[in-house]
Structures are given as C-alpha cells and as structure tokens.
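With the hints as extra help, turn the sequences into a complete structure.
Spelled out, the chains give:
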Amino acid sequence: MSILINKDTRLVVQGITGRDGGFHASKMKAYGTNVVGGTSPGKGGEMVQGIPVFNTVRDAVKETGANASVIFVPAAFAKDAMMEAADAGIRLIVCITEGVPTLDVVEAYSYIRRKGASLIGPNCPGLISPGKSLVGIMPSMIFREGGTGVISRSGTLTYEVVYNLTAKGMGQSTAVGVGGDPVVGLYYNELLEMFENDPGTDSIALIGEIGGDAEERAAAYIREHVTKPVAVFIAGQQAPPGKQMGHAGAIISSGTGTAAEKIAAFEAAGVPVADEPSQLPALLKQRGHL
Amino acid sequence: MKIHEYQAKEIFANYGIPVDKSIVCRSVEDAVKAYEQLDSQKVIVKAQVHTGGRGKAGGVKLAGDEIELRRHAAAILGMDIRGFIVDRILVGQAVNIDREYYVSYVVDRSTKSAILMLSREGGMDIEEVARTMPEKIHKFAIDPSVGVPDYLAREAAFKLFDEIGLVRQAATIFQKLYSLFVENDASLAEINPLVLTKEGAIVAIDAKMTFDDNALYRHPKIALLNEPTEEEKKEQSAKSKGFSYVHLGGDIGCMVNGAGLAMATMDMIKLYGGNPANFLDIGGSSNPTKVIEAMKLLLGDRNVKVVLINIFGGITRCDDVASGLLEAFKQIKTGIPIVIRLTGTNEKEGRALLRGTHFHVAETMGDATRRAVELAKQYQD
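Line by line, the protein sequences give chains A and B.
Counting from 533, one number per residue, gives the positions in the first sequence under our numbering.
Counting from 874, one number per residue, gives the positions in the second sequence under our numbering.
Please note that a few of the clues may not be correct.
As the list claims (entries may be wrong) - Looking from chain A toward chain B, a few residues come up when the C-beta cut is under 7 Å (computed):
#, residue
1, R551
2, G687
3, Y691
4, E741
5, G768
Derived from the structure by calculation, the hints contain no laboratory data.
Where is the CB? At the ideal position from N, CA and C, for every residue including glycine.
What follows is the structure, given as structure tokens:
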C-alpha cells in the first residue's frame, strides 16, 4: 500500500513542452507512472515522448480521465497552473516549480482547498510510491518497495536518507517531499495521519529543517495520534540567524525556528532524533523492533 | 528584501495611511534645513538602518531646539548599529502620544495565509510581548479571495479601541495596509507603534516593510530600493549563478548539491569537531562550469583550508558527476586538499574514476567529514 499515489494515478504534466517538463515526463513514464497527457497552451494535438499534449487541463481531464497533475511551468505562471488544475477537477496537484511568490501560493492554496483538491509543493521534488508511481523529479533508482513512509522538506537530503534506508533493507511505502518554501500544501501532520492510517506503512522517517514551527507541531501530533515508530533528522543546527539557507523557508527569524527547539520538541514527545542521516534506519528498527 | 523606515513611510503615504511628517537627511546641515521646514519645536531624529534595536543603541533621540538637533544628528550619523553604519537619518515632527499600539500583516506558515496581528502593547518588541503575554496579541487570518471586508476591519479595530470614531479610523488604516501588503508582495508590513495622539488622531510613527524576493521581478520600483550589505552582495552574486551561498566563518569550505544536504553537511562538520566555512548549495546538477564557479567562490575565502564536496548523484549519475569534477579541476589550480564524497546512482563507477587522483575520496558522509576535519587540523598544526 501507499499514500496519495498508486497504480490508479493518472497523471497530466503541465508544461510538458518545456525542457524540464519533457525530461521528467519521460522519466516518470519509464518508471511506470501512468502519464496520460500533458498541457501546453497552443500546442494541443502534438505529442511529446509519445504523450498527447492538450491546450488546457480541462481537455486533458475530459479525454484521459487524469486525476493528478504535476507542474513544471515557470514561477510567474505557477499560480495560474495550480488553479487551472483544481478547476478542471484534478484531485492531487504537485508543483515542482521553484521561486513562486509566496502570496501566489497563498491564493492558489485557498482556491485548491475550496475545490476540495490537495496540493504538494511548490519548490518540491514531488513524491514516489516505489513500484507503483512516481510524480515529480526524484531519482527512482534509489527507492525500493517497502514499509517506511518518508516525509521531508528537502530534496537531496531525502535521497540521502532513502539511500541509507534502502541499503539497510528498509524499502519505502511512499516518500513525499513537501517543499522548501514558507507556504506549501500538504505538510507533516496531514501526511503523518495518512501514513498512520496506511496499512502498508510500518514506520515513518521525518526530515525537517530550520524555519517555522511545523516540526514542533508535528512532535505534538505524533505524541497524540501516531502509534507507528517515527524517527527524525533536523538539518540546520549550524545555520546563523536571519540567513536564508537555500530554501526560502529555511530561515531562523527572531530567534525562533532553530534546530535546537525542534530537536527538543521531538525529544520531549519521545521521538528519537538522529545526529546524522545514516542513523535513521537503526533508530526506526530499534523503535519498531523490526 | 528590507527597506528603510522613510521608504516604507513614503509607500504608506501613497496608500493614504497617516504618517508623521518627516524628512530624510544625509548630513547635519540637511537636518537643520529639515528642522526649519518641519515647523515644529520638538523633532525626533532616527537612524535609518536595516536592523532592529536602534533605540537601545542610541539611534533615536528627541530634540527640542536647533543645538540639540545638531548634536543628535552629528552623533547618530556615522554611528555603528549592529554592524550597520548610519548614513541617513529621518527627522520628523514629534507627536504628542496618548497611547501606542501594534499592527502588522505577515505571512503565516501554519494557516497558509496573510494574518493581521494587533496588540494594545505597542511600542515594545512584539516578540517579547508574544513570549510574555501571548493573550495580548490578536490574530485574524485573511481569506485571500475576499481580503479585509469592513466588518473584519471593524472587528479587529475593536480589539484596540472602544470609541466608534477611533474604530472607524483604525479600520480604514487596516484595510489600506492590507492593500499595500498584497499589492507589493510584502512579507511583512508593520506599524509599531501606531499611535493615538493627544489630539485624537491615529498616526503611524514607525513603518517597517520586507518584501518577498521571489516576487521582486514584478515590482521593479521596490527592487531599486535594495541596499545589500557586502555579504549579501556576495550571496546575490552567487544566486545569479544558480547557487545559494552563506558565509559562516570556519575553515572547511563545503560544496553540496541541495539545500537540505548542504545544511546537514555543515552540521556534520561541527558534530565531528570542525568548523564549516560556508553553506553552499550548487543546485540539482553539477556540471563543470558550475563546479568551477563554486570553487572560485570557496577559494575566495582566505580562511578555507580544506574543501569538502558532498554530491548525491540522483538523476545525474555519479560517474557523470566524477567526470565533471575531473574536467573542472583541470582548470583550477589550488594546493588546498579536496575531499569528495559521491553517493547515489553509479557511485562505484564514479569513485573509480576519482581514484588515483589528488582527491581524497570518501564513501559516506561520516567518512568524508572526519577526513575533512582531520585535514583542517593538520593544516593548523
């Protein structure tokens, strides 16, 4: 089992005629994702990597029954693309685009919610349910089917963790990169709930970083609602205050959002915190007596 | 991106938010001229710097006559406030303050919306209020599809004022401040304090705004107000090449692909007893030109004694990354030891390519970090 995406996911790629859109559409298709179409206004009727291109998401949904979308359009057009997908009836919208203005995300998120759809990202690597579906830009070869759910604010750090999990024989049910911006869609608590309810998930690795207080809220949520073993790694202990560490959301402001506060919150909730990413598999095994 | 108080007040005034009458000055003579123009016995002189705490640092003073004004202007101009040298002061009419309030709009991560924050405890550090008396801060999440309707602005204003005339005045200010916030893609628009004068008027006597860097492309006039520090200039020049760079001051330079992994790398260096020189995320791919540019940036820091390159090869395979590094280092002449850690797709092939070269090749993040820390210590001895 898995969360959010599986064999029934029918994916449309928004911005498929762009360089990144085309490249990753073919990667996703090669992995076995059911990529049913792409969009690019004015290029409807063309084919990219054997995938039909439509002018609008609504056309793509009507013709192909698409239920998920992944967005590769430039930052200035991302808000519009997210809203178009929601309006066309897409249920899961994954926005890979980096550098989207925060208030654009605020507006798109509110619209998507009203349409009853879910958003992942922006500025995220997407998600993968190994052996079933890949939606995004994650390097599929490092993943294996298994029972560990992975939630992360980062890209390559997630791969680092997954790589260590796979090497220790711990495959993944679903791995989700929620995105590195201050405002993004689905976050720790919603995903923790999904993993807790997913019979195919037996443990959860959570990878956080400095900025905001979502980790603190996740710690409280885990204490109250999560019975499966969870282990955590937090990046940014050495980050100086007031500096953005690559991700727009990774910033310690007015002394809050520090790694130390987040680590303390997890420890207080009885959730083990790894000193280095390679320790996560052992921490999960200890907790779960797997 | 930050702007100065006087620049924020100009934007406030354009939106019809009442501000105190003030003039920005670059010299004592300017200040004296401003004093004549303001036609007010008492004036306030404020340092214009991109940092808080200027009051505590002595950067805000009242002057009751020209002699006092000259003395304060001369003292504040050239002052060092938390590393910022004051080159401009704002001279403004002193206001007869009856009460002080706090008002701001800020983007809230948890509600994923703009929120209006208010408090009757104005004039003090709002973080301090949040810590000690959180019940005195009122928050209203704003639905972006409706903005701030009259009823909501009134409801908020009643948190600060009891008299309906003042509530109406304040409500209008809250609505204007919201327009200003969203129309300019601000990440913060703050009035602290918003004051009620003894004459019964509501006036913003301070103004603070920061802007979303990702949205500056659609606000060219605001982008022009950018005044980066020397360090920020270095960071911005790195950004224009597709990097994220933050100087940290240690002796182990890091080059990493991905922000999260880059943060984890600098944490590991510290964990193993070393000191990271920087945070450097060179982005998803690692082509030779990028590596060359990144090395230039690292070697430009004279404290750097060792370079640690930590690359996770995902979509870009490790053997391609290794060839790229070899290619890049044909063009870089340096005696500084370089530790490379490559993991991911085709890692064995990648490492094989690097073996027998002058690089120190490591398999895990732990090994690589330990090696870099040892090398940095040897250099010190």
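Here's how the hints hold up against the structure:
no. : hint : verdict
1   : R551 : violated (12 Å)
2   : G687 : holds (5 Å)
3   : Y691 : holds (5 Å)
4   : E741 : holds (6 Å)
5   : G768 : holds (4 Å)
Consistency note: the structure conflicts with earlier hint 1 alone.
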